[in-house]
Structure formats: structure tokens, C-alpha cells
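Protein chains: 2
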Amino acid sequence: MKIFIQRNALLSAIQHVQKAVTSKTTIPVLSGIKLSVDRNGLRMTATDLEIGIETFVPAYMDDEEIVKVEEEGSIVLPARYFSEIIRKLPYQQIELEVKENYLTTICGGTSEFNLLGLDAEEFPRLPQVMGDRIFSISSDVFKEMIRQTVFATSTEEIRPILTGVVLSLKDGLLRLVATDSHRLAQREETVEAPADLTLSNVIIPGKSLNELGRLLPDDDQLVDIVVANNQILIKMENTQFYSRLIDGQYPDTSRLFPTTFKTSILVNTKELYNAIERASLIARENNNNIVRFMITPEQIKITSTSADVGKVTETFIPKEVKGEELLLAFNAKYIMDALRVFDAEEILVEFTGSMSPFILKIPGETKIMQLVLPIRMN
Amino acid sequence: MKIFIQRNALLSAIQHVQKAVTSKTTIPVLSGIKLSVDRNGLRMTATDLEIGIETFVPAYMDDEEIVKVEEEGSIVLPARYFSEIIRKLPYQQIELEVKENYLTTICGGTSEFNLLGLDAEEFPRLPQVMGDRIFSISSDVFKEMIRQTVFATSTEEIRPILTGVVLSLKDGLLRLVATDSHRLAQREETVEAPADLTLSNVIIPGKSLNELGRLLPDDDQLVDIVVANNQILIKMENTQFYSRLIDGQYPDTSRLFPTTFKTSILVNTKELYNAIERASLIARENNNNIVRFMITPEQIKITSTSADVGKVTETFIPKEVKGEELLLAFNAKYIMDALRVFDAEEILVEFTGSMSPFILKIPGETKIMQLVLPIRMN
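Same order as they appear, the protein sequences are chains A and E.
Residue numbers for the first sequence follow the UniProt record's numbering, beginning at 1 and rising by one.
Residue numbers for the second sequence follow the UniProt record's numbering, beginning at 1 and rising by one.
There's no promise every hint is true.
No distinction is drawn between identical chains; accordingly, a pair holds when it is met within one copy or between any pair of copies.
[Stated by the list, open to error] With a straight-line Cα cutoff of 16 angstroms, these simulated EDC-like cross-link-like pairs (lysine to aspartate or glutamate) come out:
| no. | residue 1 | residue 2 |
| --- | --- | --- |
| 1 | Lys99 | Glu350 |
| 2 | Lys322 | Glu237 |
| 3 | Lys207 | Glu157 |
| 4 | Lys311 | Glu97 |
| 5 | Lys301 | Glu345 |
| 6 | Lys322 | Glu298 |
| 7 | Lys235 | Glu54 |
| 8 | Lys68 | Glu54 |
| 9 | Lys311 | Glu112 |
| 10 | Lys333 | Asp220 |
| 11 | Lys207 | Asp140 |
These are computed hints drawn from the structure, not numbers from a lab.
Owing to the predicted nature of the structure, the values given are computational and were not obtained by experimental measurement.
Throw the hints in and build the complete structure from the sequences for me.
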């Protein structure tokens, strides 16, 4: 294998696939990036066996030569060294050549590195994800949907299912839901899908989605999503992302949303966030991060007390209060997490009672729904 | 104690003194900031018993009222909570009032915090540093002198003296020197001092100087430096910084500098840094971070080898080479640390031999001198 490649294209490809490299592996080849060159260009692959990322640097882009292929072939290079070397080489073009015993020469300007590589045959093949269960979505929208749900997944491995985000699709409406059983985040969006395509119980690991979120470009290019039995494939331009799915039956969350409300408040999102954040300065000292909410027609008193530190009282004036007076307590972190992913200036919070889940949403919309369970007050 | 104070002035004062607060203390009062109010304004103090910082917020600045004093008094507030609360309060004016049992009310806008304080009488008094051993220096110059030396202090407590920077003054020339016995950094500057003032063996802990470096403003205001037997005091505008000194006799470093040279190279500082940094990508894998330098009249070959990773060769073209050919090895980190604090575009490196210390300096200047000891080659 021998190529000359534009440094920026090489670096960008490394940064793409590197998200799938794990440092915690006992299989040496997995700490590497696989490079394979044919006359069309350079393909790079990395996997931690949970996710896999493959990206392609074409020989030509817009008539410009990106990769000059002198000899086809393949190699696995240690990801950390390879990426740091390319990052620190300030030259426009890099030469890569595999010599005897997988020793690979990386040359740029007056620098020459000889890196010990590994046999590309030892690198695991990424799964073949095929089938007709496929739909398309704008990259930036999918990225946003991930951001608005993945934070609510559980980090506890006791119920592995809750560490994932469940995806479903019906009548062209895509839904992502995550819950750790204390709070729930749901996001819906209409997508381009065959009319008869129905998906349910597709549980994608939260960790995979965090990586995918970093990989998805912030533009409206369409990405294809292919769902197979135990794998999901997201196809971007020149880059493909694979993740295994979580086995099992995700709980039915549709009935958790209350339909009638006793109290509702309309608030400025940022102002409520700031008030709860200040209250949580004191609240987080006790482990549960408990903040109390006392809703009256004129105002909301947000309070928190810690025996060791002191007490805080925030007087918050909502835009509108409807319904009964209410006193309840909740974990400040859950509300702050939920408020953070709303891009709307105003949100509506609907309460059913002191011990029933309450809903945060944008007035007049159901695209984003956040559910939080109050904490029993002593 | 009761005051109304401008939030930005309060926050800035907290951030100043907070550098002296330690979280690792068994003495509760030391995790706090002492506030004392008289009709002139608010004085804040913090100390970890190694360093102490005191700052003063005057009642008036340029005829503007900064602190409105309603009642004099004093209190100690927990530093972490106090600073976070003020940071998160977006109101222009803050009210501070000490009530019964040291309970302190902090009000801003519609927020009210009640923080449990401590008796100010329990707070240690900062030392009285007095005497006529005093000189003045421009704040930004002293900050630069610290930056250019403190990195070379030892972090090993086996020889406590080497964890400090030694200050000396003679004939108006101030000198700071630090060494960990593998490399040495020296910086000199003429300062405003009484003609007959001579200082020697004033050993300031490196940790103290790191904090002081962060505190010194980046402008040319004169700061006064007062040296007492076991304390040093740095007086800035409205802020005073105290540090204890390290006991003992600092080794005489003046004779370490070779006076004759066999080889010298003139190089672009940034280019040499980049070449050594790339070599160190491979070098750091072996614990000693060893890089080899082969100097010939035309070029320098910088190489490093790691059995597990591979090899790197940098071909470096210096601006000028004088004297004999030379082969030597050194710790890449030491050279990179030294090169990083030179603001000059070109530097001169003077070698005496493969096993003698070599000097990095700015051509024609002796203000900054960096000494590095080579490593024996196998």
C-alpha cells in the first residue's frame, strides 16, 4: 500500500472513525484504525464491537486529486499515534507506505515516522446491515432528536434496556423515547419513509447515540437509517455508522402521560432554569438534589434547605398560572436536564398533583415531551 | 454587618482571594473567606496557612459608590458556596447581612440565600510582614519572570528546597532561579530598589508563585515586594499576597553555566519546538522521553525510537551551526518546557559536549538562560 493524501482529508477521516476506537480492549487490533486502499480511494474503519464507523476518502473530489494511489493494499495502524502524528504534521500532503512486516512509513515535509502496524486481515469485519426497513431523515434534525432524548437514559446496568433509547416509526412519524424510570424524554418528527414501514422496539444504546450525535453533521443532508434484527446502520455522505441494538422488550411508555391537569404554568425557559440552578447550589448538598416548588396564583416559591449549608428561596413570577395551588418536590437535576434541551423561549409545565408525573412541553406542540416524577416530601 | 455591594466588584474580590482557599483542610474556618466591613469598605481574606490573600473593596471608587455600609462587622462564609452563589446571581446589587448565630442573608433580585457562616474571630490573622527590605517591579514583568522560571522547580518533596524558586537582588538586578537538578531556568531584570539593598537565598514555594502568577494583573502597575525572615509580601493595588518562605540554603547555581562552547546552533524557536514535539510523540512511550540530536554543519537529525511503536526522524535545518559535530540525547519535555517560555523568534543553543549541560538563550541577551543536562546514551 502506498498513497499520497491531502493532510486535511486524512485528518478529518481519522477524527471520524476514531470515535469508535476503544482504549479499553484486550484485543490489540481494536485499538487501531484499518486503512484499505483501492484505486477509488482510501477506506478507514474502526470498531469497538459495539459500534463501528467506516469512512471513505475518494481519490477525487470535484476534479481535485485527494488521494494519489501508487499501490493498493491495507494495514491497521495504532489509532492514538496515527492521529497525533497526522495532527502534528503541518504539511499539505502526507505519504503513507506499508513496507515489510507491516512497518508503515508516514512522511510529510522533513518528518519521517515509521510506525509498527498490524495485519489488516486480523481486523473484524463490520456487519452487513441490509434489508428493506429503511427511512431517511435530515442530519441536523436527527442530531437534535438524539440530544433531546439521550440524556434521560439510565446509566445503571441493572436494567440494560433503560440504558438505550427506543426508536419507533408509524405512519411516517418517528419517535425516540428514553427513560431512567425517574424522568422520561420523548421526541417526535415526521420523516421520509415508505407508507407501510412500521418499526417498534428498536433499542439503540445511549452510548452509541452519543457518539453518533458527535458524528452527524450540522446540516440538512439526508441520512439513511437501516434497521436490521440486531443492528442499526446510519448512512451519511462517505461515512457509515453501525451500532448493535439492545435485546429485550422496552416498556410501554405511552400511557405514562397524564391527560388531565390540575395546575399548569407558562414560564420563560431560561429564567426558570436559572432560578432552579441557583436553588440547586444548596440542594445538591443533600444527595437527592431536592428542590421544592410552591405554586400560587401570583408566584412560585422555589426553596431548598441543607442542614450544613443553609437555605435558599427563589421567588419566581410565571407568565401565567392556571388551576389549583400546588406544593411538590423534585430532583433539580432532572428539571435542569429537561429545560436545557428546549430551544423555545417559553414552555408550559402541566401538573396533576404532588405525586403524579408532570409534563414539560412547548405550548401548542407535542414534538418534545418531557416527563418528571416528583419526589415524596417528608 | 450589613452592606449593599455592586455584584461585579464582589465577584472579582472573591475570585482574587479564593486562590488561597484550600479544600483539603481539617480546619473548617480555612475553607471559608473572611469578610470584614468598616466604613471604608469591605476587606476579604483567605489563607491556607502557606499563602494568604487579602483584598479590599473601597466604599467609593471614582466617586461611584461600590459598597454601601449599613452596619460594620465581620463573618466567615464558606468559599465554595459563597462564590457560586454570587456567580449565579445576575443582579447588579447584592445585599449581605449577618443575622443571629452567624446566619448570613445574601439577597439579589428575587433570590434570597441564608448561608451558615462562622465566627470571624476564629479566622487566623495574616502575618505582619514589615521591614525595610522592599523593592518595586512592574506587575507584568514579574508575572513573566515567574512564568519563565517556576516550571523548572522540582515536584518531589525529597529535596524541599528545589520545590521553590530562589530570589536574589544585588545592585538593582533581580534574579529568579529554579532547578530540579535536571534542568535550570534563570531570569534577570533590573528593578526599582534602594542602591544598598541586597537579597539572597529568598526561597519562595513554586506553588505560591503559580498562584501569584494568576493573581498579578497583566499591566505595568508597580507592585511592592517586601521580604521578611520567613515571609514574603507582594502588594498590588487593593490586594496583598503573602507566602511563607522555604527554610534552608539553596545551592549555588552560578557556576553551573559553562563559559566555553564547542558547538552552537541558531534556530527558529517555534520550528525547533514543533520538531521536538513530533519526535516526542514516539519518545514519550519510553519513560525517559529521550530524543537524540545529531548536529552536523548542514542539519540536525532529531530521532527517537520505541520498540513497541516505531521510530521518528526529523530533519531540521538550523539558521546557523558553529563548531564541532555533536551527538547527544535529552529529555524532550525539558527542552519543550524551556522553548515554550521564550517569546523570541530565534534562540541560540550552546553545547559543550555530549554529557555537559547546554544553554538556551536569546542571541545577545542574558536575561533568560535555560540550562538542560543531557542524558547518557546507551
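How the hints compare with the structure:
1. Lys99 <-> Glu350: neither (67 angstroms within a copy, 39 angstroms between copies)
2. Lys322 <-> Glu237: neither (49 angstroms within a copy, 55 angstroms between copies)
3. Lys207 <-> Glu157: within (12 angstroms within a copy, 42 angstroms between copies)
4. Lys311 <-> Glu97: between (66 angstroms within a copy, 14 angstroms between copies)
5. Lys301 <-> Glu345: neither (21 angstroms within a copy, 60 angstroms between copies)
6. Lys322 <-> Glu298: within (10 angstroms within a copy, 83 angstroms between copies)
7. Lys235 <-> Glu54: Close inside one copy (10 angstroms), not across copies (59 angstroms); limit 16 angstroms.
8. Lys68 <-> Glu54: neither (20 angstroms within a copy, 64 angstroms between copies)
9. Lys311 <-> Glu112: For Lys311 and Glu112, only the inter-copy Cα distance (8 angstroms) is at most 16 angstroms; the intra-copy one is 63 angstroms.
10. Lys333 <-> Asp220: This pair counts as neither: shortest intra-copy Cα distance 32 angstroms, inter-copy 45 angstroms.
11. Lys207 <-> Asp140: neither (19 angstroms within a copy, 47 angstroms between copies)
Going through the hint list in order, the structure does not satisfy hints 1, 2, 5, 8, 10 and 11.
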